[in-house]
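Chains as they are written, first to last, in the numbering used here: chain A, 1 to 316; chain B, 1 to 276.
A hint or two may mislead.
[To be verified] Sample of chain A residues facing chain B (criterion: CB under 10 Å; computed from the structure):
(1) Lys9
(2) Gln92
(3) Ala141
(4) Arg224
[As the list claims (entries may be wrong)] Pulled a few chain A residues facing chain B out of the computed Cβ check, cut under 7 Å:
(5) Arg66
(6) Pro71
(7) Arg95
(8) Trp96
(9) Ala100
(10) Leu103
(11) Asp145
(12) Arg164
(13) Gly243
(14) Gly262
(15) Val264
(16) Ala265
(17) Ala266
[Unchecked claim] Label-pair restraints from in silico Cβ distances:
(18) A:Gly56 to B:Ala270: 52 to 62 Å
(19) B:Asp275 to A:Asp109: 26 to 36 Å
(20) B:Thr118 to A:Ser129: 29 to 39 Å
(21) A:Arg123 to B:Gly265: 54 to 64 Å
(22) B:Arg274 to A:Ala192: 32 to 42 Å
(23) A:Glu191 to B:Val134: 25 to 35 Å
(24) B:Ala270 to A:Asp109: 37 to 47 Å
(25) B:Glu221 to A:Arg123: 29 to 39 Å
(26) B:Ser64 to A:Gly86: 37 to 47 Å
(27) A:Gly86 to B:Arg274: 17 to 27 Å
(28) A:Thr54 to B:Gly203: 27 to 37 Å
(29) B:Ala53 to A:Gly56: 51 to 61 Å
These are calculated hints, taken from the structure and not from any lab test.
Virtual Cβ for every residue (Gly too), placed ideally from N, Cα, C.
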Amino acid sequence: MIEVNDVTKRYGETVAVDGLSFAVKPGIVTGFLGPNGAGKTTTMRMILGLDAPTSGAVTVNGRSYRHVPAPMGEVGALLDAKAANGGHTARQHLRWIARAGGLPERRIDAVLDLVGLTEVAGRRLGGFSLGMYQRLGIAAALLGDPQTLIFDEPVNGLDPEGIRWIRSFLQGLAEEGRTILLSSHLMSEMEATADHIIVIGRGRLIADASIEEFTRRSASSHVRVVSPQASSLAPMLLRAGAGVSDEDGALIVTGVEASFVGKVAAANRFELHELSSRRASLEAAFMELTGSSQQYQASAPAGAPHQILALNGMEN
Amino acid sequence: MTSATISTSKPHAANGPSSAPNFLATLGSEWVKLASLRSTHITLGLGFVLSVATTGLVALALGSTQEDWSPDFNPTTTSMVGQIFSLIVYSVFAAMVSSREYSGGMIRLTLAATPNRTRVFLAKLFLVGGVLAVLGLVTSTAMFLIGQAVLGAYGMPTATLADSDAQRMVFGLGLATAYFPLIGVALGFLLRSTAGAITSVLGLLWLPQIFGAVVPMWWRENILNLLPSNGVDSLTVAHIEDSPAFSEPAVGALIAAAWLFGTIGAAYIAFLRRDA
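Bound conformation, chain A alone (with noise of 0.2 Å):
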């Protein structure tokens, strides 16, 4: 297991990662989302002791992972899958991290062929297109076949067909019961794959919860009501403490379930023609936290998550 304690991590005058606290929870895949430059990639870099924390604690399985002895068959990552030296063939790639983590030549073979690349082993690097760096790169972190694998924006800048098949390859390992914690900056990746998503902006953590319950919290998941005596009903859920507004004659009710507002109309004897609940997307749950969503911006209350955000962070 991941955890992370009370993490800030500052570049001089820029604060990357601000008392961030989570845990990666073992067998399922954590999405792990915020805007370009909200600290996503510096805090994989700590989990991987590449970036020592300003203060805090990041451990793996317990341990810093500086401190793993054998960390390849612990964790598994792809950070930057075009870090690689563009001489070398895609075995010898894989050969001098196998050496590295002491493992058996035949893990170069198995994981080239789980990812497809047998039949290029041989070819330089230089070559290779961004969807076969990251075929190799997730190669390269399969390698000592870990328990718990960290990939960062794995999609980013691929192809329709390489992102299927990063897609269904990630619900593979996941399947079998594989930890993955898994970045991206676009939500639209995490509804397909991911379990429990972890969600920061300027380096603090905005959301922990699981897809379902981060959907449902939402403001944009709301309750659709018509009702004749709409006039007289939208006060009374506004003294409940709902929010209330008007689209085309009929009541978005937000802040409350359609239970309440089925229970408040009861009471008054209205007539309800519509009560229905609307789950918000999940993009549109992670732009309204992010406050990349200008419709949500401007009608947002002070003091709301996103008000701490901004896009233009440094890419970190």
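Got chain A; can you put chain B on it based on the hints?
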């Protein structure tokens, strides 16, 4: 959480490392990384060929033009004339061994595979030091033999490896070939830039040659003599080529060691502390 860990964890131990990788694993990994690059073979081969060819050509030129030679003509030092080329090429190569890791972000892959930074640092130093000490000996021996063969063919005085002075020079210069490359590896870690590391190591190597002739003697003796090249030279060639510019061997050894361990120490501390 604990129950989740137990119920969902799948044992992968069969494919994992059989035991924790040790220093030899890191050394082997760095060896594979270097030895499987075509550019490594080309660069090192080029250094060797340039050195030997220069010595051969200089000996050829001397033999074909000199009718008689001064009594202090020294066939051993003459045959070592090509050494500067291998020194340059090998130093550039060594500076890139460490600095290149930073240009494409490969250092993060290296450190994710081997989080023990001391091990990575020492593996690169040992590898470069070992390979270039051996290659340096091969280069200096080849230069010596080719040089003597050409000089001998023109009837000029020659030396053999049985001479203790010649032995000392061939052996000393050969091993010393690894000296600047080791500083180059350290500078690569320190500066994390290929251009910066190459410029710095060549600067250290060449400053005395560049400025030696144009600055007053006081500067030569008190400033330039503190540079590593003087330290090395006073150990390897001073006993043959007497010059007031050279320090005493003990002082030279001290200067050379101070530069080597100074740069390596600084690079090591920086490498341990900095984010990768």
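Taking the CB of Ala270 (chain B) and the CB of Asp109 (chain A), does the distance hold inside 37 to 47 Å?
holds (38 Å)
37 to 47 Å was suggested as the range; check whether the CB atoms of Ser64 (chain B) and Gly86 (chain A) agree with it.
46 Å Cβ-Cβ, so the 37 to 47 Å window holds.
Is the distance from the Cβ of Glu191 (chain A) to the Cβ of Val134 (chain B) consistent with 25 to 35 Å?
Since Glu191 (chain A) and Val134 (chain B) have Cβ atoms about 58 Å apart, the given range 25 to 35 Å is violated.
Given Ala100 (chain A) as an interface hint, is its Cβ closer than 7 Å to any Cβ of chain B?
holds (4 Å)
Does Arg164 (chain A) pass the interface check with chain B, least Cβ-Cβ distance below 7 Å?
violated (25 Å)
Close enough to count: is the Cβ of Gln92 (chain A) nearer than 10 Å to one in chain B?
Where the cut-off is 10 Å and the nearest Cβ of chain B is about 4 Å from Gln92 (chain A), the hint holds.
Against chain B, with CB atoms and a cut of 7 Å, does the hint on Trp96 (chain A) hold up?
holds (4 Å)
Confirm or reject the claim that Arg274 (chain B) and Ala192 (chain A) have a C-beta distance inside 32 to 42 Å.
holds (38 Å)
Using the beta carbons of Ala53 (chain B) and Gly56 (chain A), state whether their distance is inside 51 to 61 Å or not.
Holds, since Ala53 (chain B) and Gly56 (chain A) (Cβ atoms, about 59 Å apart) stay within the stated range.
Quick check: does the Cβ-Cβ distance between Arg123 (chain A) and Gly265 (chain B) fall within 54 to 64 Å?
Given a distance of about 41 Å, which is not inside 54 to 64 Å, the answer is violated.
Could you check if Ala141 (chain A) really has its C-beta closer than 10 Å to a C-beta on chain B?
holds (9 Å)
Against chain B, run the beta carbon of Pro71 (chain A) and see if the smallest gap drops under 7 Å.
At about 6 Å, which falls below the 7 Å cut-off, the nearest Cβ of chain B leaves the hint on Pro71 (chain A) intact, so it holds.
Violated hints for the displayed structure, listed by number in ascending order: 4, 12, 13, 14, 15, 16, 17, 18, 21, 23, 25.
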